[in-house]
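Protein sequence lines, in the order shown, are assigned to chains Y and H. Going by this note's numbering, the first sequence opens with residue 1, and the numbers climb by one from there. Going by this note's numbering, the second sequence opens with residue 1001, and the numbers climb by one from there.
Read the hints as simulated data drawn from the structure, not as lab findings. Model, not experiment: these values are computed from the prediction. Among these hints, one or two may not hold up.
A few chain H residues facing chain Y, derived, Cβ under 7 Å [what the hints assert, rightly or not]:
id	residue
1	1021
2	1103
3	1186
Note that beta-carbon positions come from the ideal geometry of N, C-alpha and C, so glycine has one too.
Residue-level listing of the chains:
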Amino acid sequence: MKKISIDPVTRLEGHGRIEIFLDDEGEVANAYFIVPELRGFEQFCIGRAAEDMPNITNRICGICPEAHHIASTKALDALYRVEPPPAARKIRELLYSAFFVADHTTHFYALGGPDLIVGPDAPPAERNLLGVLRKIGSEKGKEVIECRRRNHHVIQTIGGRAIHPCSGLPGGWSKPVTEEERREIETAAERNVAFALYSLDLFSRILQGDTAFRESVFSDTYLHRTYYMGTVDDEDRVNFYDGMLRIVDPDGREFARFHPRDYRQHIAEHVESWTYLKFPYLKKVGWKGFADGSESGVYCATPLSRLNAAEGMATPYAQEAFEYFFETFGSRKVDGRYRPVHNRLATHWARLIELLYAAERMLELSRDPEITDPHIRTIPREKPSEGVGSVEAPRGTLLHHYRTDERGVLTRVNLIVGTTHNHAPIALSIKKAAQTLIRKKSIIEEGLLNRIEMAFRLYDPCFACATHSLPGTMPLSVIIRDAQGTVLREMAQYLR
Amino acid sequence: MADKPKFAMYWAAACGGCDIALLGINEKILDFAEAFEPVFWPCVMDGKKSDIEGLADGALALTFFNGAIRTEEDEAMARLLRKKSAVFVAFGSCAVEGCMPGLSNLSSADDHLITVYLDNPSTTVTDPAVVPRLSTRVAEGELRLPGLYDTVRSVRQTVDIDYMIPGCPPEAHQLEAVMELFMGTSGLPEKGAVLGAGTRALCEECPRIRSWTGREQRRLRFRRLYEIIPDSTRCLIDQGIVCMGPATRGGCTALCPGANMPCIGCYGAPAGVADQGAAMLSALASITDAGSAGQPEEAMQREVEAAFEPIVDPVGTFYKFSLAHALLNRARPASPVTDEAADRKGKGRA
Ligand code: SF4
Ligand code: SF4
């Protein structure tokens, strides 16, 4: 086998990297997923004024600044022990719903979608947004762009700016919604519902029409039986803005239900010296290495996890889609609730069900008479000390935890973001993909990068968020070594 | 196909917001894609560094570089793209003046490692050997990690740039104008120019009514942002809220004051101002009453201190976006925790 010699230190700076080691038989001995950067918000936020945090932490990520902004604002509510007036709370959730619509749309059509709509085996030059637009037709293509545009406009209207919105304050929101704005938002929400229904319909047509795709969705290729986490409302339905964190075990039994402020009793982070990104796990089960099953503390926090951890959806169309989803997978009901779906590729489908829920929720809120109430601030009176804020970000639960001195100057900041929760599951999926494609020294090179990318993308990982460092895409290299450590193959490609 | 001028956009230590901002110009981006051929743009298309390496020097007609310089890779990409580009633009606050990553310069790389892995609420690590390090032996072989730079720099501090576009991120209406400029035939401005922004302070375009300029000094007490509900028509500084408007370049149409929030300075200093934070401090000092003539020195001191007391984090308030370019800059790095860390620091400084 041909040897390729590389200098790993200089060549791989700043790249995400997968190192695959083969054993003497040429089978995969292990695969390591290495994240080589750290930007360090947790460090440089120390010493900052707490009220600046929503506008500092939104710069963690230009893809989901809204998630950081809102989680941070909620952490400030907790820190100053203030309850925002109902209108402020609803305005935040309204902005958040518009954001979810925009983000899930982007992922489905521009990032994950190319594999599904254009097909996993299409040439790389076709597997992008342009390829998708060609396939679904320019009319629908325009709608995708229009959907992003109108929701970013809503975000700017409510949050002051389209990227890095600025209106979050402890105890409220800086700017009310006028009646004129409300009407415009309502129209946008109506279109969002129609667009979400179209997207789900498109997905089920692909699922019915494309045998290869159907097989991969239902196959074991990316199947992992893990714990699942998601935020639920008081009736245990999916909620993005607020609620309790619920964890179910691989059989769907409730394992834990807790307020986000108690996260440290349930979640701990494992550290490996070969990567900058940490590995959260369930404290009560323990870190048992990279393994799935109920004996391992590895859990997942994705759109699929949120559905698995909940009893249902809080809006009518989304509830229908939720039931249809679990029925299609033949999930039996236990204690009146569907058992988890473990097929990771189903995450794409779950994402669309969430898209529909976000659109319906946005419509509800835009029609809520209270949304235009100008009373949007409660002035904090308490001395700050500690606060946790949490939301469901598109990629998983987002936790902001602050401690301050009594002037509200930060002394400690801890952030656990969506992608980080899924770090161990992503590593599991990568290893499994590698094992299917590397057998007895034969490496299916074409398929390999593709499958590894698919394993990645279904989690919609965001490494800007995770390392608070890398941009939303990253150059990824895959290195395969034999049992002697010799490099057999090195492949690189930008991941989106 | 006739040869279109080639375009590249790259992100170093960035959040992705700058790329999203450029895509956010909607229909205009299609005109731009007609006029230019994007050859390298990781956010949008596949592309390899080797493709860029293979180009002749100056072969890229236009490059937008966003993000700060944090790693060797960031720096190498900035140098490579500079060399290959006829016009090289520092795009966005991170590239122009360091932005949030620049706040890292308040602590050392080791401080970061300690905070994230050792002294952290959700990790259970007590052994410094588990902290990420340059080389780790695992059962199957060796795994390596790059070191972290101790100091974050802007792109402008790293390579020779032709233009800069400020903003975090730059606003869409400004970007449309910039793209028109590059697509047009009327020639480009002088090297070093700031594009997509005004020259004067943001206050000039803010519709709020100001009373502090031109008046004699008066007693002003600052307030924490959450302490009051500001009137939406009067200048925020008049109401005791620190708004960076006087020391920030205009061009965004005063979006944050428009949302009843203060400007936090993302467009950097106005033309002719070297240090944004120092400019802001002197603007505030000039309008804060330092007592009346004949008052004892100490009493005056106390009054000034009382007025400024609510500004609990002057560095983060005045230099949120421009610390990498502040005249007074570096914090002294802490002593290394481990030999690896020492190694890493040595490497970081290289
Ligand atoms: S300038 Fe702002 S929007 Fe652009 S990369 Fe930096 S943090 Fe993100
Ligand atoms: S200080 Fe701020 S609020 Fe006042 S005029 Fe300037 S930009 Fe507007």
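Quick rundown of the hints versus the structure:
1. Hint status for residue 1021 of chain H: holds, given a least beta-carbon distance of 6 Å to chain Y, under 7 Å.
2. Hint status for residue 1103 of chain H relative to chain Y: holds, with the closest Cβ pair at about 4 Å, below 7 Å.
3. Evaluation of the residue 1186 of chain H hint against chain Y yields a violated restraint, the C-beta minimum of about 29 Å exceeding 7 Å.
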